[in-house]
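Visitor: Could you build the full structure based on these sequences and the hints that come with them?
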Amino acid sequence: MSQRNVFVWIWALVVCLLLAHNVYLWFGKRIAPDTDILALLPVEERDPVLRQAFTRMVDSAQQRLIVLVGADDWAQARDAANAYADVLAQHPALLQAADPMTDPRDWLALFQPHRLALLTSKAEEDLHSQPKQYWTDTALAKLYSPFAGLQPGAWRDDPFGLFGRWIQARAQETPVRPRDGRLFVSDGQRQYAVMPFTLRVPAFSIAAQQAVMPLLEQARQAARKAVPQAQVVTAGVILYAAAAGDQARAEVSIIGFGSILGIIVLMWITFHSLKPIALIMLSICVGCLAALSVCWLLFERVHLLTLVFGASLIGGAQDYGTYFLCNRIAPDAQPFDSWQLLRRLFPALVLTLVTTVIGYLGLALTPFPGLRQMAVFSALGLIFAWLTVVFWFPMLVRAGTLESTPVAQWWAISLERWPSLRLDRSSLWAIGLFVVLAIFGVSRLGVQDDIRLLQNPPKNLIDDQTKLSRLLDTPTPAQFYIVRGNTAEVVLQREEMLKQRLDLLIETRIISGYHALSNWVPSAQAQAARRNLIDRTLLNDNGPLKALAAQIGENGEWVAATRAHLLASALPLTPDDFLKTPAGEPWRHLWLGEVDGGWASIVALRGLTPTGLAKLQHADIGLDGVQWVDKVGEISLLLGRYRKTMGWVVLFSYLVVYVLLYPRYRSVTWRVLAPTALASIATLALLGMAGQNLQLFHVLALMLLLGVGVDYGIFLHEDLSRRDPVGWLAVGLSALSTLLSFGLLSLSKTPALQAFGLTMLIGTIAVWLIVPCFRNHRSPELGRA
Amino acid sequence: MKSWSLALSVLLAATPLWADAPVAKIQSMLARPKVLCGHFNQIKQLTGLKKPMASNGRFCVVAERGVLWRTLQPFPNTVRLTRDEIVQLQGDRVAMRLDAKQEPAVRMINSVLFALLAGDLGQIEKWFLVDGGIHDNGWSVTLKAREPALAKAISSVVLEGDAYVKNITISETSGDRTSIVFSKIHTGDTAMNVDEAALF
Chain L
5 MSQRNVFVWI
15 WALVVCLLLA
25 HNVYLWFGKR
35 IAPDTDILAL
45 LPVEERDPVL
55 RQAFTRMVDS
65 AQQRLIVLVG
75 ADDWAQARDA
85 ANAYADVLAQ
95 HPALLQAADP
105 MTDPRDWLAL
115 FQPHRLALLT
125 SKAEEDLHSQ
135 PKQYWTDTAL
145 AKLYSPFAGL
155 QPGAWRDDPF
165 GLFGRWIQAR
175 AQETPVRPRD
185 GRLFVSDGQR
195 QYAVMPFTLR
205 VPAFSIAAQQ
215 AVMPLLEQAR
225 QAARKAVPQA
235 QVVTAGVILY
245 AAAAGDQARA
255 EVSIIGFGSI
265 LGIIVLMWIT
275 FHSLKPIALI
285 MLSICVGCLA
295 ALSVCWLLFE
305 RVHLLTLVFG
315 ASLIGGAQDY
325 GTYFLCNRIA
335 PDAQPFDSWQ
345 LLRRLFPALV
355 LTLVTTVIGY
365 LGLALTPFPG
375 LRQMAVFSAL
385 GLIFAWLTVV
395 FWFPMLVRAG
405 TLESTPVAQW
415 WAISLERWPS
425 LRLDRSSLWA
435 IGLFVVLAIF
445 GVSRLGVQDD
455 IRLLQNPPKN
465 LIDDQTKLSR
475 LLDTPTPAQF
485 YIVRGNTAEV
495 VLQREEMLKQ
505 RLDLLIETRI
515 ISGYHALSNW
525 VPSAQAQAAR
535 RNLIDRTLLN
545 DNGPLKALAA
555 QIGENGEWVA
565 ATRAHLLASA
575 LPLTPDDFLK
585 TPAGEPWRHL
595 WLGEVDGGWA
605 SIVALRGLTP
615 TGLAKLQHAD
625 IGLDGVQWVD
635 KVGEISLLLG
645 RYRKTMGWVV
655 LFSYLVVYVL
665 LYPRYRSVTW
675 RVLAPTALAS
685 IATLALLGMA
695 GQNLQLFHVL
705 ALMLLLGVGV
715 DYGIFLHEDL
725 SRRDPVGWLA
735 VGLSALSTLL
745 SFGLLSLSKT
755 PALQAFGLTM
765 LIGTIAVWLI
775 VPCFRNHRSP
785 ELGRA
Chain P
877 MKSWSLALSV
887 LLAATPLWAD
897 APVAKIQSML
907 ARPKVLCGHF
917 NQIKQLTGLK
927 KPMASNGRFC
937 VVAERGVLWR
947 TLQPFPNTVR
957 LTRDEIVQLQ
967 GDRVAMRLDA
977 KQEPAVRMIN
987 SVLFALLAGD
997 LGQIEKWFLV
1007 DGGIHDNGWS
1017 VTLKAREPAL
1027 AKAISSVVLE
1037 GDAYVKNITI
1047 SETSGDRTSI
1057 VFSKIHTGDT
1067 AMNVDEAALF
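Note that the protein sequences, when read in sequence, are chains L and P. With this note's numbering, the residue at position 504 of the first sequence is 508, and numbering never jumps. With this note's numbering, the residue at position 112 of the second sequence is 988, and numbering never jumps.
Honestly, the hints are just simulated from the structure, not real lab data. Ideal Cβ positions, reconstructed from N, Cα and C, are used throughout, including at glycine. Each hint should be verified, as a subset may be incorrect.
Stated by the list, open to error - PhoX-like cross-link-like pairs, simulated, lysine-lysine; straight-line CA separation at most 25 angstroms:
(1) K471(L) - K977(P)
(2) K927(P) - K550(L)
(3) K926(P) - K550(L)
(4) K977(P) - K503(L)
(5) K1060(P) - K1028(P)
(6) K901(P) - K1042(P)
(7) K126(L) - K977(P)
(8) K126(L) - K136(L)
(9) K503(L) - K584(L)
(10) K926(P) - K136(L)
(11) K1028(P) - K584(L)
(12) K1002(P) - K910(P)
(13) K136(L) - K927(P)
As the list claims (entries may be wrong) - Calculated from the model, a selection of chain L residues having no Cβ within reach of chain P, i.e. all distances over 12 angstroms:
(14) A43
(15) D63
(16) A65
(17) R160
(18) A230
(19) P351
(20) L432
(21) I514
(22) D628
Guide: Have a look at this one:
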């Protein structure tokens, strides 16, 4: 067997393995692409506490679905809610109604033994500042009030109403109230029934989404049928995941089928034969199979957005096959057999592959796992498509298999009529105009580093989410404080110090409140201090309790008995006691407990406005063990930082590519590279003129444009060295299919992919138009690459 | 067996009176004035206190406005319940203010109390199971809270009245018990005195 045949068979074996692995993955393992939006975001690797805090905040939301059913009056809202819940109740394996939050009065049993140490900060302040008379008046008012039954417990359990105030403050941590066996919230106009559900299937599973989404729609219709004007507001991670999944699947098919169809049409017009179409499809298929297989082996998952981006690979993967086929029909190639032809084309093929892979490397350099995966997927696809061309095409396409067609010849010859840059008047005018327009356009570019680039959920989902957060006054899951300490007690004490600062922010209306475990379980230090404070201020021999006794005609014996009764209810309360109970359930996510040798907790903020957020970001709280975490801000900063860094990487890559090309193209290397550079500038200028803001994904696309654009330079300059314009045909075919792929990608609803696609679209057109202007009319001496 | 039949006969004897839609009947007996003011005498029996605590004062129930509750003896204290807030005044000092924006239950509390004092059984039925009937020239009902949370705090409310509510007895699960007797009831525009008009 000749050496060539060995390669052919080895490659056949590789392709069989890939095929088998893919069959196993799709039909054996039944893999489903990942739809977790957060998989795109960088993971916090350095700090385990931060990582766990973020996971907690996310996990506490992930399997939850909250439904609000609203109507003008409560009875209607309740009827509609019942109709909604009835539909879901038939599928307990998918969704389960979560236990409604317990009423404040249900907490009583838990807190009664500790009530003396449970004080609001305002009450504590009052204990320090208010005179004796204030406390006797308070106790008497409570004693004679006919409405005392609305306060928890008997009068003598809380004669000064301190525990009542605390319970009230705890109840006010949420505006949701129990009513007629449902939870209720109102915005003043509409009355809403609040229904929390727990998802019993994973939110990111496509099968789960396909089962749950129609069910929710069915329930919504049932609610509407019961009460026609009922309004249903839903929020949950699964809704976002399902929407993202649907969108991505639609985009994969549009880009995939659109590109393939386009390539078939192009090939047919050019070659009038089915064989080249089959060959190109073969190389693309091997590329795609390999990309998926190897990606799965490396990452053990494939994100749906990777497939969206990967679908644009089709446009790139056909380049090598097209180049080979175009050269096969060139008249001066006829004397060679296909292996000889491959040897002639080999240096150019190597250079085009290397430069394109360098282009994708830009994506892999970012810390975003999603982008890395896209880069690896695309690079693998290209490499395997390339290898298929190199190992198989010479065997499959013999000299004379393909014939040149009139269209192909016309196209190749059209290069003759293309303007080219010389040192003449019109060229100088063109250059001058380009410089002016470039400066004008680029100067208009703004910047944009918002996290929303990575994800763009449908507007109705965002509206629902906003409405729900406003109605339920939920804290933001992406911005919070982390409090750390050596022991649980230290963490609680630090929380209390932080809360003193936060109370000032509430006064200035930057936030409306906070959630913290120490709201429920004060530090042991605070509990003891409060017990002493109450004993000293209210229960002493000469204090309000004694004065009160005199007013209501009781004696010293009663004073002693009441004091003993009150002091008996001051047992220490610990976080564990509280978190074990159902009342602690909604707050469990705040307590990170023992992590990494220390203790940590989360203090979450309510009612944070964007202006408030800006103020918080710049205000260092300056407390030991307290850290401000802003995941959204952090990612925006990261996007901005990488936008700048990648800008330099693009420039540096031009240098690297220049060095790579120099050994082969020598003095004309600049002609190979210049069209891509100019096209990049033109793209930026056009984006600026179109009022777009520059973002990381434009810059990353410029990186890839370098890889793709240089190919065209290479094709044309290789070709001109042989005085045969089939390279121009290859450029045209490549450019058209690339345009199709990335043009379709620019229709993506994910802003990042859209920006990427648009940049590639404009850039590729520009390179295609500019590349022949830089052709050299004298045949250069090519070095050996 | 004997006690069973006895209970049954009592029940049967009582049924015609009670089953006869007492709510609608009582509703028709009530005067339902726009403004209603009067005097009250309240006695509280609290666990841990030997003596019952007696107090008295004036009250006003104004339709679409709310309730004003002024304890005059032995300890002056005013509570004003309107749609959007509950305010407690000690003299001129605001001792407590609860806003419906902070505490969504305020509106519900106020409508419950308004309905109780006005004897609006149609409303009361939303929150309480109503049991009772008509006798001689008056009526009497026992209320049990439908809301489990409220039932945990208040074991029963007994209302008695004729054209107006005359007696309320509230029994709390904690053992505390409040009974209020209303008298000197005036209705119409002149029912409210100057002080009260200023407070409302």
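Visitor: Beyond 12 angstroms from every chain P Cβ: check whether that's true for D63(L).
Guide: Per Cβ check, D63(L) is outside 12 angstroms of chain P; nearest 29 angstroms; holds.
Visitor: Sort out whether K977(P) lies within 25 angstroms of K126(L), counting only the CA atoms.
Guide: holds (19 angstroms)
Visitor: Under the criterion that the straight-line Cα-Cα distance not exceed 25 angstroms, is the pair K977(P), K503(L) satisfied?
Guide: Roughly 22 angstroms between the alpha carbons, so the hint for K977(P) and K503(L) holds.
Visitor: Would you mind confirming whether the straight-line C-alpha gap from K126(L) to K136(L) stays at or under 25 angstroms?
Guide: holds (17 angstroms)
Visitor: Can you confirm whether the C-alpha distance between K926(P) and K136(L) stays at or below 25 angstroms?
Guide: Given pair K926(P), K136(L) holds - Cα atoms ~24 angstroms apart, limit 25 angstroms.
Visitor: Over 12 angstroms from every CB of chain P: does L432(L) meet that, or does the non-interface label fail?
Guide: Consistent with the label, L432(L) stays out of reach of chain P, its closest Cβ about 72 angstroms off (over 12 angstroms).
Visitor: Has the given pair, K503(L) with K584(L), been kept, meaning a C-alpha gap of at most 25 angstroms?
Guide: holds (24 angstroms)
Visitor: Can we trust that R160(L) is non-interface, i.e. its beta-carbon lies farther than 12 angstroms from all of chain P?
Guide: The claim breaks: R160(L) does not keep its Cβ more than 12 angstroms from every Cβ of chain P (closest is about 4 angstroms).
Visitor: Against the 25 angstroms threshold, does the CA-CA distance of K471(L) and K977(P) hold or violate the hint?
Guide: holds (17 angstroms)
Visitor: Hey, is A65(L) genuinely clear of chain P, shortest beta carbon separation above 12 angstroms?
Guide: holds (23 angstroms)
Visitor: Closest CB-CB distance from P351(L) to chain P, is it above 12 angstroms?
Guide: Non-interface label on P351(L) holds, nearest chain P Cβ at 76 angstroms vs cutoff 12 angstroms.
Visitor: Taking 12 angstroms as the cut and beta carbons as the points, is I514(L) off the interface with chain P?
Guide: Non-interface label stands for I514(L): nearest chain P Cβ at 18 angstroms, farther than 12 angstroms.
When each numbered hint is compared with the structure, violations occur for hints 5 and 17.
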